[in-house]
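Chains A and B, in that order, are what the protein sequence lines are. Residue numbering for the first sequence follows my numbering, beginning at 1 and increasing consecutively. Residue numbering for the second sequence follows my numbering, beginning at 1 and increasing consecutively.
Treat the hints as calculated values from the structure; they're not laboratory data. One should not assume that every hint holds.
As the list claims (entries may be wrong) - Restraint ranges, calculated between C-beta atoms of paired labels, are given here: (1) A:Ala103 / B:Thr306: 43 to 51 Å; (2) A:Asp86 / B:Lys19: 38 to 46 Å; (3) B:Ile296 / A:His264: 33 to 41 Å.
To be verified - In silico DSSO-like links for lysine-lysine, alpha-carbon gap of 30 Å or less: (4) B:Lys20 / B:Lys300; (5) B:Lys239 / A:Lys245; (6) B:Lys124 / B:Lys60; (7) A:Lys239 / B:Lys198; (8) B:Lys136 / B:Lys60; (9) B:Lys19 / A:Lys202; (10) B:Lys255 / A:Lys245; (11) A:Lys81 / A:Lys109; (12) A:Lys9 / A:Lys109.
As the list claims (entries may be wrong) - Partner residues aside, some chain A positions facing chain B, computed with beta carbon under 8 Å: (13) Leu194; (14) Arg219; (15) Asn262; (16) Leu272.
All values reported here derive from a predicted model rather than from experimental measurement. Every residue gets a Cβ at the ideal spot worked out from N, C-alpha and C, and that includes glycine.
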Amino acid sequence: MTKPLLEIKSLTKHFTSKQGFFSKEKVVRAVDGVNLTVYPGETVSIVGESGCGKSTTGRCILRLIEPTDGEILFEGNDIRKLNEEDLRRTRRDMQLVFQDPFASLNPRKTIGQILEDPLIIHEIGTAQERRRQVEEMIEIVGLSKQHLDRFPHEFSGGQRQRIGIARALILRPKLIIADEPVSALDVSIQAQILNLMQDLQKEFHLTYLFISHDLSVVRHISDRVAVMYLGKVVEVADKRSLYEKPTHPYTQALLSAVPVPNPHVTTQRIILEGDLPSPANPPSGCTFHPRCRHCMEICRTTAPPVRELAPDHFVSCHLEDGDTNGSHT
Amino acid sequence: MTAMLTIDNLRTSFLQSGKKLTVIEGVSFTVEPGETVGVVGESGCGKSVTSMSIMQLLGKNVEMSGSIRFQDKELLTLSDKEMQKIRGNQIAMIFQEPMTSLNPLHSIGKQISEPLRRHLGLSKQAAKERAIQLLKLVGIPRADEIISDFPHQLSGGMRQRVMIAMAMACEPKLLIADEPTTALDVTIQAQILELMKKVRDEQGTSIMLITHDLGVVAEMCHRVIVMYAGQIVEEADVKGLFDNPQHPYTRGLLKSMPSVNVNQERLDAIPGSVPLQSEMPRGCRFAPRCSQVMDICHQKNPELLTVSDSQKCRCWLYSEGEAQ
């Protein structure tokens, strides 16, 4: 069996906030015991709604946010134990692509400088070699050499995202964490970027951790999918079982909520009542129980364990197999 | 029966440092009573400017020509005062960003009461009672308490419900919804779409729904208008649009969407991007990105032609006689 490239074990991030001098400290459980394994060459997606902790998880993996607890093993080494210098070296192998292509490129640098910076920071090559690499990379992502002397504002959203991807790729990393890389883009441009990401994955043997709220995009790009709710992973499975046999009531509701672009189909929609509870004050037991259609007595008091339903299909719910499938088609 | 809204050859231009940028180029369509018409297209296609033109919310440096008729009334020639009587009363609007379109300094109750007092002349007390009713109608729990809350105390979904309550306050005949669910999570979006359908069916409101999400279109709309670079490129009833899209842009749009129900190997992306306002191609505006482009497409912009009973399309592929 292949060794995992990235292994996250009970990753936890609690933000604390103090509102007044005498008030009690408030703890926001943004990420609350997340386990996830990513194998080389695959695309694993984390999907969930705003505030579920998916972006925080992504940032914790790179230690852009210091996790509160847990282990992050990258090629077997715990990233949390590395010192600054070793961490910087490890980050060469794991790069981030950001959501907002307008805010993530320095407006005062040319594209050439933006792409060269990572090489300078990691002390790679001479000026000449770096220039050659930058020129090569800009063409790989579908832009041309002439673009290198321009500034970010001269590009459209889709082009900027290509630049963001080029910057992440220039160090030839093993893992790319892409945080909502296409959600700011129009559909026709989104398709271009998704295709580019798939081509690059094949060409450079990349591993993607793809963070998104868009269930259609996730289905398209992923091999395996993890669904997060209130800081916890509630279901993980390979793409096919997750989309065709969703088991957790939250996954079912999430999938049924996506409007289908087919006027002949009327979806049997599971409408979730109410809003997402605050992660500062999560419900007792299973955190999904106040919105769950199948809520039982035990759900209010005890957090459900993670069970393996089928090989590689994990769910965290008290319901027994098959209980929930009757109502979902 | 007269149409609720008739737009005829609308042109909207912005005047910028002596230059004139025409953003809407000859747009014509109607919205019938009780009908939901979707307007789809990518950023910069002019769908929001169309709606702002109808509401006349574009400010000073704007030139509009053509005609916008609301029932029998021409809106383009109305004075500001007369327009104010219609805005928020007979025509209401829901905006995309519920956070920035509510006033952070006034309580929810005050904001919902405003149109009621202004247009319907209700007393303070009566307006408050009606506001509570409206909040209950849009499914807000504890409406009598929430009414004194401020926008920042509510979640995104709740705020959008408040926006809908506000828009529906005077029982408008026409509702313009500009990306009403784009800023919301899918499960909340499902709640809001459900709510809009309920309100529409109860009050018989006509809706002009602006969105980029074809899933929302399939779910909500009777008829659809596809816009590209300031022009309508296709108009069809909702089934026609999805079953038998005519314009290469519409087809491209449908094919470039990943599906939540089917596994696809690769997406059919439309190459290139939308042309800049200042660099519009001379012929068909979609020609540089079109997979079926012909010589004539680069020379002359095609007309919006009727291709079947329920479908219109702006493309040289459907006007062979002229093309040759």
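Hint-by-hint comparison with the structure:
1. Taking 43 to 51 Å as the suggested C-beta distance range, the pair Ala103 (chain A) and Thr306 (chain B) conforms, at roughly 45 Å.
2. Our hint of 38 to 46 Å for Asp86 (chain A) and Lys19 (chain B) is violated, since their Cβ atoms are close to 56 Å apart.
3. Taking the beta carbon of each, Ile296 (chain B) and His264 (chain A) are about 35 Å apart, inside 33 to 41 Å as hinted.
4. Between Lys20 (chain B) and Lys300 (chain B) the CA atoms are separated by roughly 22 Å; this keeps the pair inside 30 Å, and the hint holds.
5. The hinted pair formed by Lys239 (chain B) and Lys245 (chain A) meets the criterion: a straight-line CA distance of about 29 Å does not exceed 30 Å.
6. The straight-line distance between the Cα atoms of Lys124 (chain B) and Lys60 (chain B) is roughly 34 Å, outside the 30 Å bound, and the hint therefore fails.
7. For the hint linking Lys239 (chain A) to Lys198 (chain B), the alpha-carbon distance of about 34 Å lies beyond 30 Å, and the restraint is violated.
8. As the CA atoms of Lys136 (chain B) and Lys60 (chain B) are separated by approximately 38 Å, the hinted pair breaks the 30 Å bound.
9. Straight-line distance between C-alpha atoms of Lys19 (chain B) and Lys202 (chain A) comes to about 48 Å, which puts the hinted pair past the 30 Å bound.
10. Note on Lys255 (chain B) and Lys245 (chain A): the hinted pairing holds, with a Cα-Cα distance of about 25 Å set against a maximum of 30 Å.
11. Between Lys81 (chain A) and Lys109 (chain A) the alpha-carbon distance is near 34 Å, which puts this suggested pair outside the 30 Å criterion.
12. About 39 Å separates the Cα atoms of Lys9 (chain A) and Lys109 (chain A), which puts this hinted pair outside 30 Å; it is violated.
13. Hint status for Leu194 (chain A): holds, given a least beta-carbon distance of 6 Å to chain B, under 8 Å.
14. The beta carbon of Arg219 (chain A) comes within 6 Å of a beta carbon in chain B, closer than 8 Å, and the hint placing it at the interface holds.
15. The interface hint given for Asn262 (chain A) holds, since its Cβ lies 6 Å from the closest Cβ of chain B, which is under the 8 Å cut-off.
16. Interface hint status for Leu272 (chain A): upheld, as the beta-carbon distance to the closest one in chain B is roughly 5 Å, under 8 Å.
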